[in-house]
Amino acid sequence: MSTGNVESWDGNIMDIGPIYPFVGWEGFMVVLCVIFWVGWHIWQIKMESKRLQTEAQQLRQGGNLQKAVTEEHSVQRM
Amino acid sequence: MSDLATALNVLFTEFYYWVTVVMMFLIHVGFCTYEVGVSRRKNHMTTLMKNAMVIPTVGVTFYLFGWWFYSSMINGPGFVPGGLVTAHFAEPWNELMGAHMGGKPVQTDITEADTALWARLNGVFWAAFLLFSWTTASIVSGSIIERVQSGAFWLIAVMLGSVTWIIDAAWGWHPGGWMVQLLGYHDAYASGVVHAIAGGTCLAVLINLGPRIGKFAPDGTPRNIPPQNPWLVCIGLFLIYTGFWGFYAACNIPIFDVQAGDGVFYSATNIYLQATTLSAITFNFIMALCGGLMAGYIVSKEDPYWTFSGGLAGVIGTSAGNDLYHPIQALIIAAVIVVIIYKMHYWVERKFKIDDAVGAVAVHGYTGFLGVVAAGFVLWGYPSSPDALLGHAEPWARVTPWGQLIGAIIMFWVLGFIPGYVLSWILKKVGLLRIPREVEIAGLDHTGFSTAMREDDDIRAVLAQEGRTAAAE
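If you read the sequences in order, they're chains X and Z.
Using our numbering, read the first sequence as starting at 1 and increasing by one per residue.
Using our numbering, read the second sequence as starting at 1 and increasing by one per residue.
This is chain X alone, in the form it adopts within the complex (with noise of 0.2 angstroms):
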């Protein structure tokens, strides 16, 4: 079995093309990659806006902003 297409590095090497496992299957990748990039910012944007929307509750709450300003308290640990 092998992954690639090279079967041996000592014939001519103007015959060696694509040197990467699993040609043919590259649109395949393309798609994975789409998926990975598309996936990846729909993520992080869910994360970071839930992580802001908790932290500002929080800095509303009493007087945890104040608090903040003064660097008593990181919001972590209100």
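Nothing false has been slipped in among the hints.
Heads up, simulated PhoX-like pairs for lysine-lysine below, C-alpha to C-alpha not over 25 angstroms straight-line:
#1 Lys-429/Z <-> Lys-46/X
#2 Lys-428/Z <-> Lys-353/Z
#3 Lys-46/X <-> Lys-428/Z
#4 Lys-428/Z <-> Lys-50/X
#5 Lys-343/Z <-> Lys-215/Z
#6 Lys-428/Z <-> Lys-215/Z
#7 Lys-215/Z <-> Lys-353/Z
#8 Lys-301/Z <-> Lys-343/Z
#9 Lys-50/X <-> Lys-429/Z
#10 Lys-67/X <-> Lys-215/Z
Partial list, derived from the structure: chain Z residues whose beta carbon lies under 10 angstroms from chain X:
#11 Tyr-63
#12 Met-97
#13 Ala-99
#14 Gly-103
#15 Lys-104
#16 Val-106
#17 Thr-115
#18 Ala-119
#19 Trp-154
#20 Gly-431
#21 Val-439
#22 Gly-443
Residues from chain X shown here face chain Z by an in silico Cβ test under 8 angstroms; the list is partial:
#23 Met-14
#24 Gly-17
#25 Ile-19
#26 Val-23
#27 Glu-26
#28 Val-30
#29 Cys-33
#30 Arg-60
#31 Leu-65
#32 Ala-68
#33 Val-69
None of these hints come from the bench; they were simulated from the model.
All residues carry an ideal CB built from backbone N, CA and C; glycine is no exception.
Here the structure of chain X is known, so what remains is to put chain Z in place on it, guided by the hints.
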């Protein structure tokens, strides 16, 4: 490659671009450094992360479609015939977008000539252009610090770094670009195609984003928010200068037969395949840097940040014509532009309440715009490209002030400002552009990005408590 001369040419070119990529990495390090230096301590790590993550977000998308845009869109929106140009080597599913030895292709849409040409150059060309892309996105990053959501910025970075800037490069920074053909557009080292477009996008995003809390007094008077660490800011700009050498080198082709018709003559060329020398751009780079630094020092009344920024603006302002200028011309153009953009920065800040934290719109946007226009006057009548070498019987347009002005408008306003405004407006409407007010006041790093920050907070908390106890007693 059984012929030694051919092998040396190809392998040297491959290595040449690889080295420029390494050098240009310093631009990104410099941008991160100076951006963090400008930001207040409560935002340092978020500021760093925001710019650092330009690398993957623009990197992935430039692989997926950015590189293809450059190679396929040179004919623009129908001003010259030809439509989309076939560029299989730049399609992400093409075998030449991966490790390849240059032998017989497996895929049927490319030939052995394609693989022989691109196998050793595609990756390094792609990376060199990608580094330009990071630079365009980084320019925006600094201006919007301390109040933008990182996710919003990364979407803007993808738009600018992998779509709009690379389309403008196809139009005006390619030997066959339609702006080169019709307008005689000449922008050898990217005053317009990198800096003006990034500045235009900056301005658009800043309008929708709004100023940092406290930047303007209730009566509208701008307040100075000084850099947290001016020393680090200047080192960051020094790093950008250093990386800029790689940027200039990457805009050249190191060895190319520039002789049209009979005969052979090998030379370095600029991006338009016009013969040039590294000596020419070295003279002009350094003299422009000198002019910018000296003008920045005087006009800002010895302010270190604006002196260093003036040096950068000096180089950017002359980049459009630094392949052809005389060094003293480069010095004078740089100095004049730096004085103008310094004044414009503060005028726009006062007049329109634009809070540009690092002066990016001025140092890149106005400077790039003015640099392109200045080249139209100083290089008036020069051929925009070696059209005969490129096989065109009819000469293309020559460099003119109006051709350069139209080109600068396309860069700053059409491809820079308008897409930036539309995307940031949409992000604003869906609540993704700006962080909540409370978080902005408290600081983005209060989420606990930095251990050092929390430890320091503890010390400050103790000191604050001791202060209150002492006052009560």
